[in-house]
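Listed in order, the protein sequences are those of chains H, F and E. Following numbering that gives the first Met the number 0, the numbering of the first sequence begins with 0 at its first residue and continues without gaps. Following numbering that gives the first Met the number 0, the numbering of the second sequence begins with 0 at its first residue and continues without gaps. Following numbering that gives the first Met the number 0, the numbering of the third sequence begins with 0 at its first residue and continues without gaps.
These aren't lab readings, by the way, just hints derived from the structure by calculation. Heads up, some of the hints might be wrong.
Heads up, the list lumps identical chains together, so a pair's fine if it works in one copy or across two of them.
Unchecked claim - For lysine-lysine, the following DSSO-like pairs were computed, each having C-alpha atoms within a straight-line distance of at most 30 Å:
id	residue 1	residue 2
1	K12	K99
2	K133	K263
3	K99	K133
4	K263	K197
5	K99	K113
What follows is the residue order along each chain.
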Amino acid sequence: MAVALTLSELAEKLGLTLPAGANGARVLQAVRPLDVAGADDLSFLDNEKYRDQAKATKAAAVLVREADAALLPAGCIPLVVPQPYMAFARALMVMYPAAKVVPGISEFAVVSAKAMIDPTARIEPYAVIYAGAKIGAGAHIGAHCVVGEGVQIGAGTVLFSHATVMKAVVGERCVIHSGVRIGQDGFGFAAHNDVIIKIPQVGSVRIGNEVEIGANSTIDCAALGETVIEDGVKIDNQVQIAHNVQIGKHSRIVAQVGVAGSSKLGQFSLIGGQSGIAGHVTLADRVMVAARSGVIKSVENVSAVVAGFPAVDIQEWRRAMGALSMLGRRKVKAGNSEAAAAGGPVAKEIEVHPASPFAAESFK
Amino acid sequence: MAVALTLSELAEKLGLTLPAGANGARVLQAVRPLDVAGADDLSFLDNEKYRDQAKATKAAAVLVREADAALLPAGCIPLVVPQPYMAFARALMVMYPAAKVVPGISEFAVVSAKAMIDPTARIEPYAVIYAGAKIGAGAHIGAHCVVGEGVQIGAGTVLFSHATVMKAVVGERCVIHSGVRIGQDGFGFAAHNDVIIKIPQVGSVRIGNEVEIGANSTIDCAALGETVIEDGVKIDNQVQIAHNVQIGKHSRIVAQVGVAGSSKLGQFSLIGGQSGIAGHVTLADRVMVAARSGVIKSVENVSAVVAGFPAVDIQEWRRAMGALSMLGRRKVKAGNSEAAAAGGPVAKEIEVHPASPFAAESFK
Amino acid sequence: MAVALTLSELAEKLGLTLPAGANGARVLQAVRPLDVAGADDLSFLDNEKYRDQAKATKAAAVLVREADAALLPAGCIPLVVPQPYMAFARALMVMYPAAKVVPGISEFAVVSAKAMIDPTARIEPYAVIYAGAKIGAGAHIGAHCVVGEGVQIGAGTVLFSHATVMKAVVGERCVIHSGVRIGQDGFGFAAHNDVIIKIPQVGSVRIGNEVEIGANSTIDCAALGETVIEDGVKIDNQVQIAHNVQIGKHSRIVAQVGVAGSSKLGQFSLIGGQSGIAGHVTLADRVMVAARSGVIKSVENVSAVVAGFPAVDIQEWRRAMGALSMLGRRKVKAGNSEAAAAGGPVAKEIEVHPASPFAAESFK
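Extracted from the complex, chain H is given alone in its bound form (with noise of 0.2 Å):
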């Protein structure tokens, strides 16, 4: 599936520099781990727990950090990068490109004679596309994919297969995932007296440019308004995104998150897996929750990193966890009463509880 070329090749495109005397008309065939990688391969070194896999790879080549170049073996080509990581995913999209997009309508298609579709898009089998609706230039739609009427769904994007739109405007180069539900109702009712009625939910929702959203997310329309997320947001799978949220540009969300209606998520975001955002508050920019915390009043520390549920600073859900963690360990006997008036070892020990290994991404 991989592309070949030369280490010259990838050095240009990369814009790295080969050591003196690597054979830049070496060829790569494949990028892999460390451990598996190969005499045709390429590989990286980022994460420090990999170095004694450093040591011993037998890749062709490795991307690698100054100061870990020396880790490689003897004929293992390092290619110095001040972040390997970040060049690993440009020497994937170098080695591993998208499929072009080939534009036509297939004739197992519905689309609307309303619907306007770009001559360079591409419109799978099954799919329905209903009046009014507008598919930009080069936009892919798959499979039994359906586009609600006046839908716009940007130059560039990709919706796989069985991605249901309705009351949106997607933007540029998205991609949207598999049985993604975006634009149906939020889950509105007005109760009185045991009467619940329905609110029609007569909003919609905006997604911005280079927005990805995972498999089976799903995102309400806004009830009044828009449900609004914004550029570069990523969305892992399964996220729930309710009605008249607003997510701000380069959030990312892991998966199985729910953000209930009308809240405010700053730019740059980051929120673990399985976590919760009650409905009606608003998060500062770059604020971190970590994965399965449940955030139910306001954050206004740009920056800020919390946990727990409720919510509240990373390091005092951390003192708390560790205190709660020494009650389940102590074996009081009834007639100790002096480890029984304790408290004292308790808080002792909190203060020298280890940081968990628990990051806002640890469930990503």
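Assemble chains F and E onto chain H, guided by the hints.
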């Protein structure tokens, strides 16, 4: 998208009285929030935190409680109602009526000759209706929906695109959103000495009238007998209802909740987002489960409010969380035996810990 | 729906002996729970909490342990087996056999001329099979399923409607439920100085034999290499399996669980509902994770049972929850220094706190 109507027309449809001197001929074009409403818009004031917005609104008229009517600026017409949020919902229904279902079967649908389709129903492209299925009057079967063998869909029920229904009877006037899965096998295996065998799931699903089920939710068929969703139940997105569960009338279940096998929820239950109900438990009528709770035993008291995991009375949970929070905040030095012998200050502060802004619906 | 058979026929198929005097010609029409079974029905008694129902059952015959046989009323035939629940499962298989797959390709499916479809396979309407895909003998591809380029579906495997499979090899006799997404991109981004770039996900998914995957679950392809689901794994609804995860043979994963990238579960794992496993951790064989737990570090002990978040040994977690519960129950007045200096009563009560009715499968 809105249907324009005069203030007099609106007043008549909502059964309210215009204030003396109000111009009944004034035309309303849309419903908008207080802060963005303009001279042709209707708005509403229900939640007291929007009182400041009410004082500055430019809306033509505002649905408002009698006590709040004086807040509105001169020129803004107060429409006094006892429950502004309920009136808002009704106004939306009037001004944004649901599209009428146009009868007909798409030429791009596959409908078994042995299915019974009411002539007033609508079947969208690529729907598949198997033998013995019965589609009621005015029902709308969206694009790509699958209606399995012998399934019944009641009159006036809407299946949005990509819903699949097997082994089920669905009542009247229900709304089933995109990607909902109804009637697939429950998760049942018998295990003994490392032999794991599947328990055939031979039951079915029964869904009452006026039930709403959110996008990508899943409702499994019973192992034996029926999984039951009673009349008026409202289920949000990505909710999991396991085999043999029973959900009592008019209950509301917020997004990403899971209800495990054979559990029974009473009428008018309210289950906060991301909560879990363990298997084989029973909840009394009108129980509220706070968001992100885990209920592992039956709740016998009508109208009980529970929270946490394992879920307990919400007041108890708040005190426990307050205590835990105090443990997290203490910075005890090794030699500080007074604070260390604590417990006291912790326990004391629990009492004054303000009630968290936390409610069963906070994750909706 | 059931296939009627005589008591003798059932006994033969299950390899059990009828009690002396039992009428082997008696016909069984269905399998029903003890409390609703009638004179033509088979039932079973496994869980002791149904002993009272057994005493009053009207079933014709009951699968029962030898020690419980005497509970049954006169006229009810005891069918003595060592494992009634296993025998119940086998009886269901006999009396409710799965429908035979009728070979054939729907005229309303799109099948690439470059796909290989075994002549005994069945392809339902609107399925799309891309070039290079291979569908094995007796496989059933449901309505609207998408089988991507080069994907292999093993013999006897069933894809229910609306499943999508890309970049994957799926084994034999698997059951893939509606809305399952297999092989889409994992969630991988490299970030540095506010530049976020997507890491092309160029790996694949390998699924063993006799795997079951619940509705709307998602299994991402590997970044490099393979995401692996080994033989006999059973996955419930709405489970998220991230890129490069490995799930060991015969593991069971209850609904709404998330397993983050590159983690490895051993054989015969049992993961309770709504739990999360952080990325890059390894679980030993036969580990049980209680429902709603969050595992953030590796579990090295075979057969360990962990609970809570961060997950710890379940006994430790129970003690901690007991202590926390006590903190929540204490009503300490400001001046009550005795109770306040507590800790003692708390710790003491932890020891007698009854084990919660909580187990890894309690949310299934």
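Structure-based check of each hint:
1. For a Cα distance limit of 30 Å, the shortest separation of K12 from K99 inside one copy, 19 Å, qualifies, whereas the shortest one across copies, 56 Å, does not.
2. For a Cα distance limit of 30 Å, the shortest separation of K133 from K263 inside one copy, 29 Å, qualifies, whereas the shortest one across copies, 44 Å, does not.
3. Taking the shortest Cα distances, K99 and K133 sit within 30 Å of each other both inside one copy (21 Å) and across copies (24 Å).
4. In this homomeric assembly, K263 and K197 come within 30 Å of each other (Cα to Cα) both inside a single copy, at 24 Å, and across copies, at 24 Å.
5. Taking the closest pair of Cα atoms, K99 and K113 come within 30 Å of each other both inside a single copy (27 Å) and across two copies (20 Å).
In this structure, every one of the numbered hints holds.
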